[in-house]
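Engineer: Here is what each chain is made of, one letter per residue.
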Amino acid sequence: MHLMNRSDKYLKKKFEQIFDTFHQKIFNYIFRVVGNRESAEDVLQDVFLKIYQGLPNYREQQKLAPWVFSITRNVINDYFRKQNVYQSYFSETDDFTNPELNSKSENSPESIVISQEITNSFEKIIVNLSYKLKETFLLRHEAGLSFKEISKILDCPVNTLLGRMHLANKEIRTQIKKLLDED
Amino acid sequence: MDCIWTKNNLFFYIENQLKKAEKKRIEDHLSHCDICNEELLSYKNITARYASLQDFDVPNNFISIIFKNSIKKPARQTSLLQRLITEFIRSWQRKWASIPTFKPAYNIISIFAVLILIAFWGGLHVYKNDHKNQSELIQIFEKETFLEHTYQLPLNSCSIELNFDSGNEIKHVCSKIMDLKIKHESFTHFLNIDLEINSLKNKINQMKEKNIFRRNPS
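Chains as they are written, first to last, in the numbering used here: chain B, 516 to 698; chain G, 795 to 1012.
It should be emphasised that the hints constitute simulated quantities derived from the structure, not laboratory data. Here the structure is a predicted model, which is why all the values come from computation and not from measurement. Certain hints may be false.
Now the in silico label distances, taken between C-beta atoms and shown as ranges [claimed, not checked]:
1. G/Lys818 x B/Thr689: 51 to 57 Å
2. G/Gln848 x B/Tyr646: 22 to 28 Å
3. G/Leu911 x B/Gly659: 58 to 64 Å
4. B/Cys671 x G/Val908: 39 to 45 Å
5. B/Thr689 x G/Glu881: 24 to 30 Å
6. G/Lys814 x B/Asn635: 36 to 42 Å
7. B/Tyr525 x G/Lys817: 38 to 44 Å
8. G/Lys818 x B/Lys527: 46 to 52 Å
Once the Cα atoms are required to be at most 20 Å apart in a straight line, the calculated SDA-like pairs of lysine to any residue come out as [unchecked claim]:
9. B/Lys647 x G/Val852
10. B/Lys685 x G/Val852
11. G/Lys801 x G/Lys818
12. B/Lys527 x B/Asn592
13. G/Lys838 x B/Lys565
14. B/Lys540 x G/Cys830
15. G/Lys817 x B/Ser661
16. B/Lys692 x G/Asn839
17. B/Lys692 x G/Ala842
18. G/Lys801 x B/Lys527
19. B/Lys692 x G/Val852
20. B/Lys540 x G/Lys817
21. B/Lys639 x G/Lys801
22. B/Lys565 x G/Phe906
23. B/Lys540 x G/Ile840
Idealized CB from N, CA, C, for every residue including glycine.
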C-alpha cells in the first residue's frame, strides 16, 4: 500500500516519527561522509525535504531504514556532483594552467575539507577512508543495515561489499597501528 | 581453503545469520586458526570503538528550520495514471536509445511525416469547406430569387433595412416555404403557401414599423 491516499495528518505523523528515530543517525552518517558541519547541515536539510516529498510514494511493507538511507546517499551524491561542477568551473576560470588543481577537483569525495570538530583519532581514520569503503562501512555500522539491504542501495553484489568491508577493516587496523607506533 | 570461506562468512557469523552447521564449521575453524581469530577480534574491536564514538549534536533551532522548510513545500503526489504514462514514455525512450544507427535519420523522417500529414489534412478541410460554402450559397440564392420573382417579396431590401436578427427570421420562413414547394412540386397546396406568404408579408410590415420606431429616438 502506498501512502498516497493517506491524510496529511497521517503523513505529518509519519514524518515526525522518521525524524525522531533517524535524524541523529543520518546526521552522523552525513558528517562522517562529508567531513564538515556546514555542508552536513545543508545536506541534512535536503535529505529531510526529499523524505517529506517522497513520503506519499513510500510503501508500508518497505523497511524504513534502507529507504531513508538510500535517500540520504542520493542527496550526498548530488551534493558532491554539484561541488564537483562548482570546483571544476572555478579551476577552469582561475588556474586552468595548473594541472595539479584540476586533477584534485576531479574527485571531490577524496578532497573533502575536514573540520576541526573531529578530534578523535579513530573518527579521523574513518573520515579519511576512501569514499566507497566509507560508504559501505557507515551503512553497516551507523545505519545498521544488513548486507543485502546495502547491496540493494548501492546496486552491487554482496560479495563485493564483503570485500570492501575487509579492505576497510584492514585499512583501519593499519592506521591504528601507525598511531600506536607514533605514540 | 577454509580460511577464505570463513573470511567470507565472518560478517554473517557475527550477525547470527548462519545455519547451525555453518556456525559449527566456523567455530571449529576459529578454534585452531590464529589469523582468522585475529580478524574476528579486530572486527569486534572496530565495532566496539565505533559504537563508543560520540554523536554530533544537531542544533536545537535547526530542527524547527527543517520542519518549516519541509512543510512549506507541498508533498508530491503522483497518480497511477501519471506513473503509467511516464513509464510508457520511458520504455519508448529506451527502445529509441537501443537503436544504434540512423537515429538522426529517424527523427528527420518522423518530422517530415508529421508535416506532410498536417498539410494533407488541412488541404482536405479547405477543399471541403469551399465546396460546402459554394453549394449553400447557390441554394440560398436560388431560394431568394424564386421567392422574389414569384411572390414579389422584398427580401433583400427587407434584410438590409431591418435588423440582422429579423432578416434571419425572414430567411427562416422563406426556407420553410421552399420546403413546402419542393414537397408538393405541382403547387397542389397553393392556397396554403399563399396564406403563409401573406402572413409573412404582414410580419415583415410589422417589423418594419417597429424598426422605424426604434430607429427614431436618436
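Engineer: Now tell me, hint by hint, if it's right for this structure.
Structural biologist: Now for the hints, and whether the structure bears them out:
The given range of 51 to 57 Å is broken by lysine 818 of chain G and threonine 689 of chain B, whose C-beta atoms sit roughly 32 Å from each other. Remark: the range hint 22 to 28 Å for glutamine 848 of chain G to tyrosine 646 of chain B is upheld by a beta-carbon distance near 23 Å. For the pair leucine 911 of chain G and glycine 659 of chain B, the beta carbons lie near 60 Å from each other, so the given range of 58 to 64 Å is met. Evaluation of the 39 to 45 Å hint for cysteine 671 of chain B and valine 908 of chain G yields a pass: the beta carbon distance comes to about 43 Å.
Between threonine 689 of chain B and glutamate 881 of chain G the Cβ separation comes to about 48 Å, which falls outside the hinted range of 24 to 30 Å. At roughly 39 Å, the beta-carbon separation of lysine 814 of chain G and asparagine 635 of chain B lies within the given 36 to 42 Å, and the hint holds. A beta carbon spacing of about 43 Å between tyrosine 525 of chain B and lysine 817 of chain G agrees with the range 38 to 44 Å that was offered as a hint. Look at lysine 818 of chain G against lysine 527 of chain B: about 50 Å separates their beta carbons, and that is inside 46 to 52 Å.
For the proposed pair lysine 647 of chain B and valine 852 of chain G, the alpha carbon gap of about 25 Å is over 20 Å, so the pair is violated. Distance hint between lysine 685 of chain B and valine 852 of chain G is unfulfilled; the C-alpha atoms sit about 31 Å from each other, more than 20 Å. Between lysine 801 of chain G and lysine 818 of chain G, the direct Cα distance comes to roughly 15 Å. Compliance with the 20 Å bound is thereby established for this hinted pair. In summary, the hint linking lysine 527 of chain B to asparagine 592 of chain B is not supported, as the alpha carbons are separated by about 27 Å, beyond the 20 Å threshold.
With a CA separation close to 35 Å, the supplied pair lysine 838 of chain G and lysine 565 of chain B exceeds the 20 Å bound. The suggested pairing of lysine 540 of chain B with cysteine 830 of chain G is violated, with an alpha-carbon distance near 31 Å, which exceeds 20 Å. Restraint check: the Cα-Cα separation between lysine 817 of chain G and serine 661 of chain B comes to about 18 Å, which is no more than 20 Å; the hinted pair holds. For the hint pairing lysine 692 of chain B with asparagine 839 of chain G, the CA-to-CA distance comes to about 13 Å; that is within 20 Å, so the pair holds.
Between lysine 692 of chain B and alanine 842 of chain G the alpha-carbon distance is near 17 Å, which keeps this suggested pair within the 20 Å criterion. At most 20 Å may separate the alpha-carbon atoms for a hinted pair to count; lysine 801 of chain G and lysine 527 of chain B exceed this at roughly 45 Å. Between the alpha carbons of lysine 692 of chain B and valine 852 of chain G the distance comes to roughly 32 Å, so the proposed pair goes past 20 Å and is violated. With a C-alpha separation of about 31 Å, the suggested pairing of lysine 540 of chain B with lysine 817 of chain G is violated against the 20 Å cut-off.
The hinted pair formed by lysine 639 of chain B and lysine 801 of chain G fails the criterion: a straight-line CA distance of about 27 Å is larger than 20 Å. Between the alpha carbons of lysine 565 of chain B and phenylalanine 906 of chain G the distance comes to roughly 43 Å, so the proposed pair goes past 20 Å and is violated. Between lysine 540 of chain B and isoleucine 840 of chain G the alpha-carbon distance is near 18 Å, which keeps this suggested pair within the 20 Å criterion.
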